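2 protein chains.
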Amino acid sequence: MNQKEVVLGVDIGGTNTAFGYVDRDGNLLAEAVMPTEAHRPAEEFFARLHTEAENLFASKINQLKLVGIGLGAPNGNYYKGTIEQPPNLSWKYVDVVATLKKWYTIPVVLTNDANAAALGEQLFGAAKGMKDFIVITLGTGLGSGIVANGELIYGHDGFAGEIGHTIVDPNGRHCGCGRRGCLETYASASGICRTVEELLKAPAPPSELRALDPKNITSKRIFEAAQHGDTLALEAFDLTGKYLGMKLADSVAHTSPEAIILFGGLAAAGDFIFTPTKKYMEQFLLNIFKNKVRLLPSGLPKGNSAILGAAALIWKELLKK
Amino acid sequence: MNQKEVVLGVDIGGTNTAFGYVDRDGNLLAEAVMPTEAHRPAEEFFARLHTEAENLFASKINQLKLVGIGLGAPNGNYYKGTIEQPPNLSWKYVDVVATLKKWYTIPVVLTNDANAAALGEQLFGAAKGMKDFIVITLGTGLGSGIVANGELIYGHDGFAGEIGHTIVDPNGRHCGCGRRGCLETYASASGICRTVEELLKAPAPPSELRALDPKNITSKRIFEAAQHGDTLALEAFDLTGKYLGMKLADSVAHTSPEAIILFGGLAAAGDFIFTPTKKYMEQFLLNIFKNKVRLLPSGLPKGNSAILGAAALIWKELLKK
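Residue numbers (my numbering), protein chains in the order written: chain H, 1 to 321; chain W, 1 to 321.
Chain H extracted, bound-state conformation (with noise of 0.2 Å):
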């Protein structure tokens, strides 16, 4: 019998790098975390990453067979296999697969984060089985990774799926790209932040985010003041979803997805922020579409599911083989 096979799935972020080993079947065998140190050059990075990976392996599971590195990355790009511009490190060009190869004969592939989730979703997750799906991930900013005919969208320039900026309003909130109205400054843990802040300018109603410092509100604080019933804290998740269910629709017309799933820290809201996505979503479908998407939570295991949707790339690039 061949020696069981396993992948290293790594996650790249502005501050830390978590890395692990992962089988066929999605179990996470060995996992470990180091800080990102993004200040200094990337060739110092992944130096580092190769001695501790190695180390995890040689540690924890050095009797199975490496077979493949994925990586997600911010602004990874899938055809070139590089980092170029990441919004969140300091770092303005690496070629992270030639980097790799320096270390690795086997196949390397890279792609970025929301990308990263999706194919996770496919062979480990809510979206097992799916041929047509959208991750959507609700972090600081908002990310998304479409699939369709069984395949990740990269687009022409492995650039695709950037739903976080479409635009809700040509004429609304500023956007760290520069534009305006893009849905990521509206739906996200940033934008429900803008939306409270907005709320918060007219004296009614009532709200326990009202006693706090403006910088002390987090989407974290927002989704505690929904669980007491907070009136105010209601209506920004309300609103939330409203502009997510709307673009939502549009995306719907675009790839008809069987199912759109909520991905990281805002979507952890649960019902506050699906029910009103789900109910303005269905609002703004075209006939043919309406009640047919599903939106569904991730089904991958929380706090490693990054690092499976990595691993989830390389294992879907070698069994393309």
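To be clear, the hints were calculated from the coordinates, so they are not data collected in a lab. There could be a bad hint or two in this list.
Which copy is meant is left open, because identical chains are indistinguishable; a pair holds if it fits in one copy or across any two.
Heads up, simulated BS3-like pairs for lysine-lysine below, C-alpha to C-alpha not over 30 Å straight-line [said to hold, decoys possible]:
hint : residue 1 : residue 2
1    : LYS80     : LYS292
2    : LYS290    : LYS65
3    : LYS80     : LYS131
4    : LYS60     : LYS316
5    : LYS292    : LYS92
All values derive from a computational prediction rather than experimental measurement.
Given chain H, work out where chain W should sit, using these hints.
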């Protein structure tokens, strides 16, 4: 050597149905048109289509081998082979593939007209060799066919690609679909007429269109006025391009296509529609997508493009095997 192979391409329209025999290289070897007579039963229509197609075959190209049939029709569903609730036909539900199987044992495939147009461009037209592109058909309404990873996106239910029903403004113009603010109420032959109607309510600018009975204002007439340098007509094209360009920027954020092809009646206005659409699309594009997406006219011969699209649909199917 094998006998030369042809397919039958059929474009079912509200008034007329065009059909013809097309070889692997996109040569239309014989063609004909017959009235659709959509007020009569669908069964009758398909029996007539079969007879007329057989007659055309016998008279013109009986030395070739017929290997498949492709059809483009309003609300044609690729997965089910059916036409359901077509907007301009009285037929409620027709199982097209099952009906044609009475007479033919060769493969029969069906989709909607915009999807057929996209496949036509990919096999024989402006999108040759492209794996990621979008075709927008600007007729009475706005249809679209989206190709990603080389494959047409049908979506979970076969109804993907409804960019005409993405929402420009939730409080905007009433749409035939029952909602408000759909893109096709702005960017289509009927949409530009509504824009002119609105512009004519203001006392300025002077315009040759003011002399017309409102019922006689057509997109063709607006195009002619624009050719004469009519300020109001030019403004109507600018606004049409603005709405279209803004929503195409959203489409690019979904699938990052290499090109967007404008197809159909209103696209024949050339620079009058291409220039503002391109300008506003670039303005609304996320930085990473700017100056990457080509806006192209159809590369299919005018008049026969719909037959070639339907033929491309079945050729693509046959080539998969």
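Structure-based check of all given hints:
1. LYS80 x LYS292: between (36 Å within a copy, 16 Å between copies)
2. LYS290 x LYS65: So LYS290 and LYS65 fail the 30 Å test inside a copy (47 Å) and across (43 Å) alike.
3. LYS80 x LYS131: Both, since 25 Å and 17 Å are each at most 30 Å.
4. LYS60 x LYS316: For LYS60 and LYS316, the Cα distance is within 30 Å only inside one copy (24 Å; across copies 50 Å).
5. LYS292 x LYS92: Between copies only: 21 Å across, 43 Å inside.
Violated hints amount to a single one, hint 2; each of the other numbered hints is respected by the structure.
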